[in-house]
Every structure is written in C-alpha cells, then in structure tokens.
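Asker: Working from the sequences, and respecting the hints, build out all of it.
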Amino acid sequence: MTNKKFNEEFKKMVVELYRSEQPVKQLSSEYGISGVTVYKWIKTYSPITSVDEDEMTIEDLKQLKKEMLRLKEENEILKKAMAIFARK
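Counting with my numbering, you get residues 1 to 88 for the letters of the sequence shown.
Fair warning: there could be bad hints in the mix.
[Unchecked claim] Pairs of lysine-lysine residues, derived as PhoX-like cross-links and limited to a Cα-Cα distance of at most 20 Å, are as follows:
hint, residue 1, residue 2
1, K12, K62
2, K25, K43
3, K40, K25
4, K12, K40
Simulated from the structure, these hints should not be mistaken for laboratory data.
Answerer: Laid out in structure tokens, this is it:
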C-alpha cells in the first residue's frame, strides 16, 4: 500500500460504513486502505457514550484535554499576577 493522505470526511465515512455492518476486510479492499488503518479510524472516530449519555470521540477528548491544559496555564499566570499586584 502507498502512503496516502485521506481527509477527515472520508475517514468518518469509512467508519460509518463499518458501523453499518460492512466488514473491515471489504472496506480495506474496496477503498485501497489497510485493515490496520481502518481499525485506527474506527477507534478514533467512533463515539464514546458517557454516564450522562453525551457522545464524544477520542479526538473530542484530546481537544478537551488540550484546552483544559491551556486554561490551567492561564490560571497559573493569573494567580502569579494577582500575587504581584497584591504586594503593591
């Protein structure tokens, strides 16, 4: 197989086809992608249901984690600034 780049829409379409009960082997041969790649996309783009019935993908969780870390950094900077201004 060659090293191809697929857009996100295509990947999601393949995952939807898998979820509609098409076998990975068939998807792999039909679209010229490896089975391992299809399984990776399934893992990445399949929704996970939380306790409160919200659905998220692993990509959504990664983005939320990234945003949370950024906000934590901002909070630390603000705390340090408050300490500096409180001393004056």
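Asker: It remains to establish, for every hint, whether it holds in the given structure.
Answerer: Structure-based check of each hint:
no.	hint	verdict
1	K12 <-> K62	holds (17 Å)
2	K25 <-> K43	holds (16 Å)
3	K40 <-> K25	holds (14 Å)
4	K12 <-> K40	holds (11 Å)
Checked against the numbered hints given earlier, this structure breaks none of them.
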